[in-house]
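Novice: Below are the chains, spelled out letter by letter.
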Amino acid sequence: MNIIVCIKQVPDTAEIKINPETNTLMREGVPSIINPFDLHALEAAVRIKEDLGARVTALTMGPPQAESSLREAISMGADDAVLLSDRAFAGSDTWATSYALAGAIRKLGADIVFCGKQAIDGDTAQVGPETAEFLDIPHVSYVRNIEWIRDNTIRVQRLMDEGYDVVESPLPVLLTVVKELNQPRMPSLKGKMAAKKAQIRMMGKADIEADEDSLGLKGSPTKVKSIFAPETKAGRMMIEGGPEEQVDILIKELRKIKCL
Amino acid sequence: MDYFLDEEQLMIRDLARQIADEKIVPVRAELDEKEEFPWDIMKALAQSDFFGLYIPEEYGGLGKGGFELSIAIEELSRACLGVSTSYAANALGTYPILLFGSEEQKKKYLPDIASGRRLVAFALTEANAGSDAAGVQTTARLEGEEYVLNGTKQWITNGGEAEIYTVIAITDRAKGARGASAFIVEKGTPGFTFGKKENKMGIRASSTRELIFEDCRIPKENLIGRQGMGFIVAMKTLDKSRTGVGAQGVGVAQGAFEAAVNFAKERRQFGAPVISFQAVQHMLADMATQIEAARALVYSVARYIDSGARDVSKESAMAKLFATDVAMKVTVDAVQVMGGSGYMREYPVEKMMRDAKILQIYEGTNQIQRNIIGQSLIKETAKKRQGG
Amino acid sequence: MSIIVRQDKCTGCETCVDSCPFDAIEMRDGRAFINEYCNACTTCLPVCPEGAIIETEPAASDSARKFADYKDVLVFAEQREGRVAPVSLELLGAGRRLADELGSQLLAVLLGADESEAGELVKWGADRVYLCSDPVFGKFNDDTYAGALLRIIEEQKPSIVLAGATPVGRSFIPRVAARLRTGLTADCTSLEIDGETGNLVQIRPAFGGNIMASILCPDYRPQMATVRPRVMKRGQYDAGRTGEIIHTDFKDLNSRTKVVETVKEVSEVSVNLHEADIIVSGGRGAGGEKGFKILRELAEALGGAVGASRAAVDEGWIPYSHQVGQTGKTVNPKIYFACGISGAVQHLVGMQSSDIIIAVNKNPDAPIFNVATYGIVGDMFEIVPMLTAKIKELKGQQ
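Residue numbers (the numbering used here), protein chains in the order written: chain A, 874 to 1133; chain B, 1056 to 1443; chain C, 79 to 476.
Don't take every hint at face value.
Only pairs whose alpha carbons sit at most 16 Å apart, straight line, appear in this in silico EDC-like list of lysine to aspartate or glutamate [stated by the list, open to error]: (1) C:LYS473 - A:ASP1121; (2) A:LYS1069 - B:ASP1069; (3) A:LYS1063 - B:GLU1063; (4) A:LYS1063 - B:GLU1062; (5) C:LYS217 - A:GLU1035; (6) A:LYS1063 - B:ASP1069; (7) C:LYS368 - C:ASP457; (8) C:LYS440 - A:GLU1113; (9) A:LYS1069 - B:GLU1063; (10) C:LYS440 - C:ASP457; (11) A:LYS1125 - C:GLU471; (12) B:LYS1163 - B:GLU1241; (13) A:LYS1131 - C:ASP433; (14) C:LYS470 - A:ASP1121; (15) A:LYS1069 - B:GLU1062; (16) C:LYS468 - A:GLU1126; (17) C:LYS217 - A:GLU1041; (18) B:LYS1434 - B:ASP1366; (19) B:LYS1161 - B:GLU1276; (20) B:LYS1252 - B:GLU1265; (21) A:LYS1131 - C:ASP355; (22) A:LYS890 - C:ASP443; (23) A:LYS1070 - B:GLU1063; (24) C:LYS144 - C:ASP297; (25) C:LYS368 - B:GLU1401; (26) C:LYS412 - A:GLU1126; (27) C:LYS235 - C:ASP297; (28) C:LYS468 - A:GLU1118; (29) C:LYS342 - A:GLU1035; (30) B:LYS1291 - B:ASP1361; (31) A:LYS922 - A:GLU1020; (32) A:LYS1063 - B:GLU1112; (33) A:LYS890 - C:ASP96; (34) A:LYS1069 - B:ASP1061; (35) C:LYS342 - A:ASP1034; (36) C:LYS468 - A:GLU1117; (37) A:LYS1070 - A:GLU940; (38) C:LYS468 - A:ASP1121; (39) C:LYS336 - A:GLU1020.
FYI, nobody ran anything at the bench for these hints, they're computed from the structure.
Input sequences plus hints: build the corresponding full structure.
Specialist: Now the structure itself:
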């Protein structure tokens, strides 16, 4: 069985701050990490490998420096790694990203494709399902448990608003996973040593036989028009004074508007 | 200070630190409180290959030496000595097989040990045999193809949790020190049971238990080395493991020191952070210097042992003695720097201070270490005189 | 449209480099250079002190003409066990507003419910409802849902398609967008029509919810967006409103996936958060489980629920089910207490529609004060217990 795990290198968004004067992002010194949801996807793949036998390939689309996240994936149990990188991919939105990823997955071949439910920088949760559509394979989103895999069929639990659905799908399938699925392992020393030596396979636009007009910024239907900080709410009141005074004023205000 | 670790050594240190920070620090207080064996952490260490660190590659390990093991132990100890004791005791139990085991024994046991599937414990101490190893009363009697073990081992680290035990027992009392032998006993062998679990001052996450042998029959091939080599096995094992205890001392001292520095930067008195006061600075300066000296000694001795040096009793005793005395002093001072806060369970240093005490006691008290060093000095001067 | 640096004006001051959210500005030979990662978002334009960064060929505004065929606004109306889900009514509210602005019709698609429910959609503002009551839609499968919606979109050619950012919408809508070769914007918090071009301006948090972005889909139709539950306001319910209900049939649709069982598991916390009139939330400033203990005491005194920011959940101080924000729950209680919460956009989008927001934070510059009705600069460990005590005292008197 061949399993592909799509991972994304993202800035640790918890570390991003906004410059209050210019309203711009301060990204200096923000570390790059593997998108946390993708670690659960990788863990799911490695557990299938341990239970049933499989070859696990980590795939990422990104700039050349995303290679480090692929090596990290190998240290956590991936067998191979593929870096899909080309200047032509720059500026891709979810549509163009999925288009390119699907091209790479088609070339590599997979029985199961795992993705994290969403990336913490974009939070769109769209790339998994869109990729499945481009591949013309079924997908199940928000997988919280994998019950079994047999006879070319997989049975999973899909997290819903008020509980979960038990869903069966034929293979090949794409699954997006939530954190409840598992606890990702730490890297292993042998994995780290292998990762250091591993050959990362490079793929560019020529390798995925892509339509040039569907790539990157040009191929992206959505455009970012502007970036801005949220509006300030009018009519706010800062309560001054010592702690006790502040509490008393607040209570008085709340009583005035009949909220207490 | 830069100890010029190579790339793989840095990898070992960084990963051990990551496991310590992410898996151990969040649960250490609870493990201490509940006196709970850290199985989840042992599993994480196993999955990350740490149990195979010092085991040759042909048996599924990474083929590294005592130096790399010391680096790993130091990092784990920085977070929790109870956890690092459970980990280090595994190496202690494995050394008899590694140093003196037959090829068959190595093939049978080392792969499971390297993968962390089975934990190991070393059993020497008894009620009447601590520092005086000659007081061992557990016996092993050869009956046909089997040895029959009788007696009780006490205060055995990883007791009950481990599945493989390397046990020192008397095979011929008449021969004195040369009448002891080392054996492998597996958990589940009829006649082998566990006694009470001890309630300890510190390292409470580690398991300390009695092993009880009542006509416990083990196959003859479970003898490690030859009959009568038991004390040599034990002494060489302890020579090997002492730097690990030293590394525990460096680690716990480092952990306590860091907590004290962070606190001293935050805590304000008389309008300034307490770290700005010379009285505090001098304490921290002494702590930092002692830790660095201990680390330099432990690292040097570990590297010296790995180089294949033959007689390392004196050096390994020095590393254990010095680093663990530093650990006690630094953890006590860390509590002092933090004052009332340091004394409270809310902060980790009171636990570190309770934990550190065992380092001066187990695997040979620091008084015994001084004896070892003293005896080596006598031997050395005698040699010089003969040579001169 | 593209962004360029006028080399004659650039002084190499590097001010623009950090302003770029896409890392698209680099220094080459002492001058700023815009590389291929540029999204033409124009954030850098006002930043340059020399005015050296300019926009070439401003966006052509002929999309309205180009897409003359694409007119209406279509809402995918989700149902739960045959009943229209609340989020569908919110989408109809937003959709009605957009359709009125565009002078077009509001269409709704309802799968797996009966005619009376379709009638409800009309009363909530839909002009035409495409209804399929086939029980095959009783269970959610991406293939059938995507196939059905796709067919209606291809026939009706709406200009705008809206769906709820629910587990259902977020799962199958991307498949529809991929097939249609059009843009899809996730989790929008606001939708407006650009007066000049007639394009849909979709606003959503970006970069981990640290800042807002407005997003367009100028060259493709339909313009598709998902909207989080509880973000948009419902429209007017008009019991006398009439509209067309069109029964449709998708007998030939097959699903590769099969739902074999549906299990209900409702977390009490999530129900509490959504229904609570008062929510007391804590963030990184709560410092640990102890901080949440005092917040819980305040919540209990007020009969409210306890919420948390992502930072507090990530620290493991409180379970994820309490998380409010973009990656947690969206809430709109009468009173929202934000204690020790700095107020990252990621959190704000989940609670800023609350009627009254009370912020307690040590840092006077914390962005939470920008949205707070009442702001208190102070230590929550002092303020909150005192507030709890005084409220208890008040209630005791009554």
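Novice: Could you run down the list of hints and mark each one as holding or not?
Specialist: Evaluation of the provided hints:
no.	hint	in the structure
1	C:LYS473 - A:ASP1121	holds (15 Å)
2	A:LYS1069 - B:ASP1069	holds (15 Å)
3	A:LYS1063 - B:GLU1063	holds (10 Å)
4	A:LYS1063 - B:GLU1062	holds (13 Å)
5	C:LYS217 - A:GLU1035	holds (14 Å)
6	A:LYS1063 - B:ASP1069	holds (14 Å)
7	C:LYS368 - C:ASP457	holds (14 Å)
8	C:LYS440 - A:GLU1113	holds (13 Å)
9	A:LYS1069 - B:GLU1063	holds (10 Å)
10	C:LYS440 - C:ASP457	holds (5 Å)
11	A:LYS1125 - C:GLU471	holds (14 Å)
12	B:LYS1163 - B:GLU1241	holds (12 Å)
13	A:LYS1131 - C:ASP433	holds (13 Å)
14	C:LYS470 - A:ASP1121	holds (13 Å)
15	A:LYS1069 - B:GLU1062	holds (10 Å)
16	C:LYS468 - A:GLU1126	holds (14 Å)
17	C:LYS217 - A:GLU1041	holds (13 Å)
18	B:LYS1434 - B:ASP1366	holds (12 Å)
19	B:LYS1161 - B:GLU1276	holds (12 Å)
20	B:LYS1252 - B:GLU1265	holds (7 Å)
21	A:LYS1131 - C:ASP355	holds (13 Å)
22	A:LYS890 - C:ASP443	holds (13 Å)
23	A:LYS1070 - B:GLU1063	holds (12 Å)
24	C:LYS144 - C:ASP297	holds (9 Å)
25	C:LYS368 - B:GLU1401	holds (11 Å)
26	C:LYS412 - A:GLU1126	holds (14 Å)
27	C:LYS235 - C:ASP297	holds (15 Å)
28	C:LYS468 - A:GLU1118	holds (12 Å)
29	C:LYS342 - A:GLU1035	holds (6 Å)
30	B:LYS1291 - B:ASP1361	holds (14 Å)
31	A:LYS922 - A:GLU1020	holds (15 Å)
32	A:LYS1063 - B:GLU1112	holds (11 Å)
33	A:LYS890 - C:ASP96	holds (12 Å)
34	A:LYS1069 - B:ASP1061	holds (14 Å)
35	C:LYS342 - A:ASP1034	holds (9 Å)
36	C:LYS468 - A:GLU1117	holds (10 Å)
37	A:LYS1070 - A:GLU940	holds (13 Å)
38	C:LYS468 - A:ASP1121	holds (8 Å)
39	C:LYS336 - A:GLU1020	holds (14 Å)
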